[in-house]
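Based on these hints, arrange chain B on the given structure of chain A.
Going down the list, the protein sequences come from chains A and B. Each residue of the first sequence is one higher than the one before, counting from 0 in numbering that gives the first Met the number 0. Each residue of the second sequence is one higher than the one before, counting from 0 in numbering that gives the first Met the number 0.
Read the hints as simulated data drawn from the structure, not as lab findings. Values in this document were obtained by computation on a predicted structure and should not be read as measured data. Warning: the hint list may mix true and false statements.
No copy is singled out in the list; a pair is fine if it fits within one copy or between any two copies.
Said to hold, decoys possible - The list that follows gives simulated cross-link-like pairs (lysine to aspartate or glutamate, EDC-like), each with its CA atoms no further than 20 Å apart:
#1 Lys-58 - Asp-202
#2 Lys-272 - Glu-175
#3 Lys-345 - Glu-175
#4 Lys-40 - Glu-23
#5 Lys-342 - Glu-319
#6 Lys-408 - Glu-175
Protein chains: 2
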Amino acid sequence: MVKNGVGRDIPEYIEGIGHLKPYEKPFSVVPEGIKAGSKLKRPLPHKSKLIKNIEEAVKATGLKDGMTISFHHHFRNGDYIVNMVVDVIAKMGIKNLRLAPSSLGTCHGSLIEHIKNGVITKIESSGIREPLGTAISEGIMDYPVIIRSHGGRARAIESGELKIDVAFLGAPSCDEYGNANGFNGKSLCGSLGYAMVDAKYADQVVLITDNLVEYPCLPASINQTQVDYVVVVDSIGNPKGIVSGVIRHDKNPRDILIAENAVKAIEASGYFKNGFSYQTGASGASLAVTSLLRDKMIEKNIVGGFGLGGITAQLVQLHEEGLFRGLFDTQCFDLVAAESIGKNPKHFEIDASFYANPHNSGPAVNNLDIVMLGALEIDTDFNVNVIAGSDGVISQASGGHPDTAAGAKMSVILAPLIRGRLPIVVDRVTTVVTPGETVDVLVTDYGIAVNPLRQDLIENFRKAKLPLYTIDELQKMAEKLTGKPETIEFGEKIVGIVQYRDGTVIDIIKQVK
Amino acid sequence: MVKNGVGRDIPEYIEGIGHLKPYEKPFSVVPEGIKAGSKLKRPLPHKSKLIKNIEEAVKATGLKDGMTISFHHHFRNGDYIVNMVVDVIAKMGIKNLRLAPSSLGTCHGSLIEHIKNGVITKIESSGIREPLGTAISEGIMDYPVIIRSHGGRARAIESGELKIDVAFLGAPSCDEYGNANGFNGKSLCGSLGYAMVDAKYADQVVLITDNLVEYPCLPASINQTQVDYVVVVDSIGNPKGIVSGVIRHDKNPRDILIAENAVKAIEASGYFKNGFSYQTGASGASLAVTSLLRDKMIEKNIVGGFGLGGITAQLVQLHEEGLFRGLFDTQCFDLVAAESIGKNPKHFEIDASFYANPHNSGPAVNNLDIVMLGALEIDTDFNVNVIAGSDGVISQASGGHPDTAAGAKMSVILAPLIRGRLPIVVDRVTTVVTPGETVDVLVTDYGIAVNPLRQDLIENFRKAKLPLYTIDELQKMAEKLTGKPETIEFGEKIVGIVQYRDGTVIDIIKQVK
Numbered sequence: 000m001v002k003n004g005v006g007r008d009i010p011e012y013i014e015g016i017g018h019l020k021p022y023e024k025p026f027s028v029v030p031e032g033i034k035a036g037s038k039l040k041r042p043l044p045h046k047s048k049l050i051k052n053i054e055e056a057v058k059a060t061g062l063k064d065g066m067t068i069s070f071h072h073h074f075r076n077g078d079y080i081v082n083m084v085v086d087v088i089a090k091m092g093i094k095n096l097r098l099a100p101s102s103l104g105t106c107h108g109s110l111i112e113h114i115k116n117g118v119i120t121k122i123e124s125s126g127i128r129e130p131l132g133t134a135i136s137e138g139i140m141d142y143p144v145i146i147r148s149h150g151g152r153a154r155a156i157e158s159g160e161l162k163i164d165v166a167f168l169g170a171p172s173c174d175e176y177g178n179a180n181g182f183n184g185k186s187l188c189g190s191l192g193y194a195m196v197d198a199k200y201a202d203q204v205v206l207i208t209d210n211l212v213e214y215p216c217l218p219a220s221i222n223q224t225q226v227d228y229v230v231v232v233d234s235i236g237n238p239k240g241i242v243s244g245v246i247r248h249d250k251n252p253r254d255i256l257i258a259e260n261a262v263k264a265i266e267a268s269g270y271f272k273n274g275f276s277y278q279t280g281a282s283g284a285s286l287a288v289t290s291l292l293r294d295k296m297i298e299k300n301i302v303g304g305f306g307l308g309g310i311t312a313q314l315v316q317l318h319e320e321g322l323f324r325g326l327f328d329t330q331c332f333d334l335v336a337a338e339s340i341g342k343n344p345k346h347f348e349i350d351a352s353f354y355a356n357p358h359n360s361g362p363a364v365n366n367l368d369i370v371m372l373g374a375l376e377i378d379t380d381f382n383v384n385v386i387a388g389s390d391g392v393i394s395q396a397s398g399g400h401p402d403t404a405a406g407a408k409m410s411v412i413l414a415p416l417i418r419g420r421l422p423i424v425v426d427r428v429t430t431v432v433t434p435g436e437t438v439d440v441l442v443t444d445y446g447i448a449v450n451p452l453r454q455d456l457i458e459n460f461r462k463a464k465l466p467l468y469t470i471d472e473l474q475k476m477a478e479k480l481t482g483k484p485e486t487i488e489f490g491e492k493i494v495g496i497v498q499y500r501d502g503t504v505i506d507i508i509k510q511v512k
Numbered sequence: 000m001v002k003n004g005v006g007r008d009i010p011e012y013i014e015g016i017g018h019l020k021p022y023e024k025p026f027s028v029v030p031e032g033i034k035a036g037s038k039l040k041r042p043l044p045h046k047s048k049l050i051k052n053i054e055e056a057v058k059a060t061g062l063k064d065g066m067t068i069s070f071h072h073h074f075r076n077g078d079y080i081v082n083m084v085v086d087v088i089a090k091m092g093i094k095n096l097r098l099a100p101s102s103l104g105t106c107h108g109s110l111i112e113h114i115k116n117g118v119i120t121k122i123e124s125s126g127i128r129e130p131l132g133t134a135i136s137e138g139i140m141d142y143p144v145i146i147r148s149h150g151g152r153a154r155a156i157e158s159g160e161l162k163i164d165v166a167f168l169g170a171p172s173c174d175e176y177g178n179a180n181g182f183n184g185k186s187l188c189g190s191l192g193y194a195m196v197d198a199k200y201a202d203q204v205v206l207i208t209d210n211l212v213e214y215p216c217l218p219a220s221i222n223q224t225q226v227d228y229v230v231v232v233d234s235i236g237n238p239k240g241i242v243s244g245v246i247r248h249d250k251n252p253r254d255i256l257i258a259e260n261a262v263k264a265i266e267a268s269g270y271f272k273n274g275f276s277y278q279t280g281a282s283g284a285s286l287a288v289t290s291l292l293r294d295k296m297i298e299k300n301i302v303g304g305f306g307l308g309g310i311t312a313q314l315v316q317l318h319e320e321g322l323f324r325g326l327f328d329t330q331c332f333d334l335v336a337a338e339s340i341g342k343n344p345k346h347f348e349i350d351a352s353f354y355a356n357p358h359n360s361g362p363a364v365n366n367l368d369i370v371m372l373g374a375l376e377i378d379t380d381f382n383v384n385v386i387a388g389s390d391g392v393i394s395q396a397s398g399g400h401p402d403t404a405a406g407a408k409m410s411v412i413l414a415p416l417i418r419g420r421l422p423i424v425v426d427r428v429t430t431v432v433t434p435g436e437t438v439d440v441l442v443t444d445y446g447i448a449v450n451p452l453r454q455d456l457i458e459n460f461r462k463a464k465l466p467l468y469t470i471d472e473l474q475k476m477a478e479k480l481t482g483k484p485e486t487i488e489f490g491e492k493i494v495g496i497v498q499y500r501d502g503t504v505i506d507i508i509k510q511v512k
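Next up, chain A with everything else stripped away, as it sits in the complex (with noise of 0.2 Å):
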């Protein structure tokens, strides 16, 4: 065991795993070599890539036992494909397999027979979810599964730490020599940011689609450079669960006092000037705060730079409003931002590896100056828990919270002070996702903290008079409120790794009892 950065314990070794580097400062990682490589083909000239179905595509690619599959997450609990091809390749009789998707939701719960079957026995994914979360955090694996962020993902594809034999990847609009975009089609979803990296490093990629288009299929966002077979199906996943339409804003008091506090915090830190830069989630503090913000940008005059995301129908707005010159767009949340990127040029669709790779010449989180971010938990060292919920169980996901944290000038938490009768802030995390030297603000209903790291922002916040706190006070407040948690206990197997952006183990999660 050794202590990393954080204070965690890492083992050493892990068998199956290999040996594991622990998490020290959030840039102390200098890559040194270069960049993975797919391997060289040479396809004839007029030579069809459609095949009749997945079994012929699977046999084609020549998947193996032991081998390394992945599947992209923007048809989120939609999504058809994993289990589709997971289910094919069970029956084939394939056993062994690493499944490496960029996430998992709680549509993929039938995972869950094809660990116990053997065919799945490693999981390296951005989130898992419940049923499938619960059963891993209960011990149904022989092997711990590696939680990545977003960047964090791409980092490892692109390194050659993660290399995926084939990619299954779904496609809203294909045409049968693999260019593919997901703006158009019954499944649309937008951007196609994730799948983009799978396609670009998989030695053999196969699109799947329920919308084959004519040749060629324009714009690409997967190309048939990174293409070798198309299959089509009735339906590559259920659109009600892809794409919601417009998200209501939240009319929540608890949320609008959060969003509130975060944009006197965004006014007074000094970055709210013209072009900067401003990421947020779906959630409905986090919209609410983009809503007052885009008041306060009309109100002052001032036009910001890029939006980054995850991109809502908000954003889209606040682009075509000129408010925002660009946007950065790596998934698309609902609708209104999955048919923009289809017909907004600035509406810029990047992969993974643009988003938030920390080993590429400038992912685009290196010019990000706000960012809010959620939390299931915060410590009194601003180390944040995104994974694993109060019950100690794997049910959420890393995302772009360690990207999007460590790049940003002022990375806000916004939180309840209070949720599920419990104080999100903590003595400690039960797992640390986003190490808190990366978290600059803490904003709850009830005040602010701001890490004793940035006395900058306590000073341009004291100034502005916003109702600040120590996080001990927010925790005591809290507190005083709840009584104190209790400790979770855990039993010894270790169930997953929570990787660093950097390749790094900032965490490991144990078994629940």
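Quick look at chain B alone, frame taken from chain A:
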């Protein structure tokens, strides 16, 4: 010496170059291994990439004696970048560099001095024109130059055969963090297709611009994840030399005759139907073909799938009129094309690998039906020379010639039967660039010859009563008017190696006497 697949004697080894692999057949090379990768980096957030001048950029990249530098040729004869950068490097005392631009033009004559003074000791390029081509053919260099097609260069870079240490890429529009495109700014050139390959694979990428725009510069053809430094200079090129205005249609009656024959051949070929794809150049005869083809498409109510190129105003017009569903564009030939690529979403910018690299999963040429090509000479085996003129001097470019000929279902050489008082058909071309096996039809002002390998086309053309001759008959027809041309005499020194697109050697070029 080994006799290769087109009967040329190829040395097995050349000092300073290494072992040569003789050309066999158009698709006989099946590559092994994986794609090359550029260096992994770790840029800190919020750190500018702006650097004050080219000298500082060269220093920052760590360029050293013996390294490889690259450039793109989208500025054609208006390019200032190559001379500007090599002058600075020469002043800094760096020697013995390999120069690997996508092509070189007549504006690069000052490189002769830098060859003499030892700054440049090797050159690899698609084309080399006078006066540099003449100097090389006269033996100025110690090592032979390597001539590659556009697809061949992309393959060489992508496979690691051509490793670029530092790419210096002119950017008509660029922000301070390295997002760039070619369709805005005073030096606009449209597609940055050749440069995009260098940006992906070079270890260090320097963008040089005369039009720094607000961040983010979107859409980005080259992007911040690929770029290390950005330098602003007064001018990167002479707009007059970069893109011509709309190219006038040639009224040369010889070209009209050739074009009329070519369109008859297209009509009779069996490939002229809905969804067909088409590439052509910007010569008078090519433009005349497209013009007549447009009339035929309207008359017969035929809509093409895509136009490929080398895009001109003409093809933009056909696209905007709905006659081609999409355009794949690796290089814009005129201002209309350069502006169109920024506004027509299905006028799609592709890099040279997408265009023509035989070793990715499917280049655009693989779906090409019909291509119109030129020739300096064609021999009775249908081998074509597009690099060294009838005097044996390197003066032109391989370009996409061998790539499109190999990919297209029907490759058509457009040429006058007699040029400069010499017959276009010869017993044996001075230098083979494109193997006869991939050349299907020769269309001249006097008649049409079809490669005997294509009995299907011969039959179709015969049925359509086209003016069919054997290529020997056309040769005799020409020689009756011109006499038999004299054979050129060469020295023993090898001054050039002509690679086929797959990396094998299709011919060598010797010193002129």
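Homo-oligomer pair classification [Glu-319, Lys-342; C-alpha up to 20 Å]:
Classified as both: same-chain Cα gap 11 Å, cross-chain 17 Å, threshold 20 Å.
Up to 20 Å CA-CA - Glu-23 versus Lys-40, copy category
between (40 Å within a copy, 18 Å between copies)
Have a look at Lys-272 and Glu-175 and pick one of within, between, both or neither, based on CA distance no larger than 20 Å.
between (47 Å within a copy, 18 Å between copies)
When Cα atoms must be at most 20 Å apart, do Lys-345 and Glu-175 count as within-copy, between-copy, both, or neither?
Between copies only: 17 Å across chains, 28 Å inside a chain, cut-off 20 Å.
Between copies, within a copy, both or neither: which fits Lys-58 and Asp-202 at Cα up to 20 Å?
within (14 Å within a copy, 37 Å between copies)
Treating 20 Å as the Cα threshold, decide for Lys-408 and Glu-175: within, between, both or neither.
Result: close only across copies, 18 Å inter versus 44 Å intra.
When the structure is compared with the earlier hints, no violation turns up for any of them.
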